[in-house]
Amino acid sequence: MLSLDQIVRDPEKFRTALVRRGEDPPIDRILELDSRRKALIQLADADRAHRNAVSKAIGDEKRKPTLEEISEMREVGDRIKSVEADLAAVLADLNETLLPLPNTPLADVPDGLNEESNEVIHTSDGPTESHGNAHWDVAPALGILDLEAGAGISGARFFVMKGKGAKLQRALAAWMLDVHTNEHGYTEIDPPLLVRSETMQGSGNLPKFRENLYHDDETDLWLVPTAEVALNALHQGKIIDPDMLPLKYVAQTPSFRKEHAAGGRDVRGIKRVHQFEKVEMFRYVEPQDSEAGLEEMLAEASTLCERLGLTYRVLKLCAGDIGFQSAKTYDIEVWSPGSAEWLEVSSISTCTDFQTRRNNTRYRPETGASTRLPHTLNGSGLALPRIWIAVIENGLQPDGSIVIPEEVVPYTGWERIEVP
RNA sequence: GGAGGGGUGGCAGAGCGGUUGAAUGCGCUUGUCUUGAAAACAAGUAUGUCCGUAAGGGCAUCGCAGGUUCGAAUCCUGUCCCCUCCGCCA
1 MLSLDQIVRD PEKFRTALVR RGEDPPIDRI LELDSRRKAL IQLADADRAH
51 RNAVSKAIGD EKRKPTLEEI SEMREVGDRI KSVEADLAAV LADLNETLLP
101 LPNTPLADVP DGLNEESNEV IHTSDGPTES HGNAHWDVAP ALGILDLEAG
151 AGISGARFFV MKGKGAKLQR ALAAWMLDVH TNEHGYTEID PPLLVRSETM
201 QGSGNLPKFR ENLYHDDETD LWLVPTAEVA LNALHQGKII DPDMLPLKYV
251 AQTPSFRKEH AAGGRDVRGI KRVHQFEKVE MFRYVEPQDS EAGLEEMLAE
301 ASTLCERLGL TYRVLKLCAG DIGFQSAKTY DIEVWSPGSA EWLEVSSIST
351 CTDFQTRRNN TRYRPETGAS TRLPHTLNGS GLALPRIWIA VIENGLQPDG
401 SIVIPEEVVP YTGWERIEVP
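Following the numbering used here, the residues of the first sequence are numbered contiguously, the last one being 420.
Quick caveat, the hints were computed from the structure, so don't treat them as lab data.
Fair warning: there could be bad hints in the mix.
[What the hints assert, rightly or not] Within a straight-line C-alpha distance of at most 27 Å, the following computed DSS-like cross-link-like pairs (lysine-lysine) qualify: (1) 208 / 238; (2) 64 / 81; (3) 81 / 38; (4) 56 / 81; (5) 162 / 258; (6) 208 / 316; (7) 167 / 258; (8) 258 / 208; (9) 13 / 208; (10) 316 / 13; (11) 13 / 38.
[Claimed, not checked] For each label pair, taking beta carbons as the anchor points, the in silico distance ranges come out as: (12) 12 / 93: 18 to 28 Å; (13) 372 / 97: 22 to 32 Å; (14) 399 / 238: 50 to 60 Å.
Ideal Cβ positions, reconstructed from N, Cα and C, are used throughout, including at glycine.
All chains, full assembly: derive it from the sequences and hints.
Structure below.
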């Protein structure tokens with residue numbers, strides 16, 4: 001959520017920032033609601049101050065209230081109730097107006113309203129040829145992926161990994177977690193996958209992206225579309241002690257997405273599915289450290305691609321293409337020689353104080369100082385079925401077998417997936 | 001699923017209708033003392049919001065939401081969460 005206070009102080013700054021994202025923000029309405037809000041607070045506070053004074057006097061003097069006092073205070077009480085009702089309506093209105101507004105892009109985020117304006121800022125060395133053997137042909141032939149079985153069990157966009165395919169995915173995830181925990185200083189988290197509405201709202205997924213989420217009506221719980229949702233809620237309503245920041249968390253979880261918006265795109269294979277594994281990095285940092293932290297996370301995700309021997313490139317997303325809660329995002333894409341395209345395997349964002357304001361996570365810079373909102377950063381490190389695809393397609397040998405990247409061999413226990 | 005107990009400040013823990021933002025202890029900050037530290041002593045130490053240039057003042061908050069009352073941390077209702085025992089169960 002954007003800061004009401006800051007919007008009121010500099011409405012034009014927010015208007016232009018949101019227009020960059022292609023929004024038409026109701027700034028004037030917000031300003032009007034805020035001034036009504038302040039006026040109502042003053043009315044109610046004045047009445048309450050009066051009532052408190054009278055009640056205190058009665059208490060101090062240890063006497064019964066007079067009939068005049070009782071009738072006057074009843075009147076005051078009624079008036080307070082009616083002003084409070086008005087105020088509640090204004091607050092609800094304000095909330096509904098602010099919640100659907102996305103974060104404002106940072107100054108260095110490129111202009112542009114769609115992915116065509118994204119900037120490729122780095123392309124690694126490595127081959128970008130195509131051999132035309134896509135994973136949806138190669139993997140089923142090797143007996144490590146069963147798309148029909150997935151469809152039979154659960155429907156379109158579900159899949160079954162088998163044998164060395166399943167083991168490869170598990171090995172990749174374990175390796176990534178180990179790199180992040182052992183080399184990058186992250187603490188491993190295993191969070192709940194079903195979360196409350198409040199938690200979903202805190203990350204920015206609700207109320208706006210309801211149609212992309214799985215929900216259980218009976219318990220009113222939501223399946224997480226990414227571990228970010230849970231990691232972001234780890235300190236909700238809490239004040240983080242001085243010297244605790246930065247907090248660096250990593251989690252491997254499934255992600256559940258309805259993918260309604262994808263329509264008929266990426267229907268073949270397992271590039272876009274309803275349930276997939278992902279290793280997610282998440283940081284809570286002091287505001288002044290968030291831009292440097294973002295660069296570090298980009299490096300941490302990039303190094304994984306490099307160590308797997310994959311050709312990858314880094315995109316700086318334009319203002320119109322960054323996610324709802326993001327102020328700046330890098331995407332990492334790896335080359336898929338089978339389908340001859342770049343596959344997005346990581347999206348790394350700073351959400352500034354947008355999420356911590358929503359779920360009331362604060363920190364104290366030092367003992368005795370007043371609280372501030374930390375910034376949150378999130379990034380995939382990395383998204384699994386897609387990295388699995390890249391490993392399979394890049395490891396494909398002339399004889400049809402797959403050679404596994406050296407780094408993960410200690411985790412698989414073997415170096416090659418042979419033709420059966 | 002059944003029966004009971006409980007949610008109070010950074011932590012522990014009082015208060016159960018009269019002003020209480022809340023005793024007390026611990027922790028923390030500052031000061032005195034000390035060569036320094038510890039101990040001791042003294043003072044201070046919640047969050048949010050509104051008015052105000054500021055100093056300062058008002059209001060709200062004792063899980064959450066309502067209700068009763070001149071007045072609610074205290075009484076009533078609902079709800080969420082935690083704990084204990086029984087049952088069930090991976």
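We went through each hint and held it up to the structure:
no.	hint	verdict
1	208 / 238	holds (25 Å)
2	64 / 81	holds (24 Å)
3	81 / 38	holds (16 Å)
4	56 / 81	holds (20 Å)
5	162 / 258	holds (24 Å)
6	208 / 316	holds (24 Å)
7	167 / 258	holds (26 Å)
8	258 / 208	holds (14 Å)
9	13 / 208	holds (23 Å)
10	316 / 13	holds (22 Å)
11	13 / 38	holds (22 Å)
12	12 / 93: 18 to 28 Å	holds (22 Å)
13	372 / 97: 22 to 32 Å	holds (25 Å)
14	399 / 238: 50 to 60 Å	holds (56 Å)
Of the numbered hints given earlier, the model fails none.
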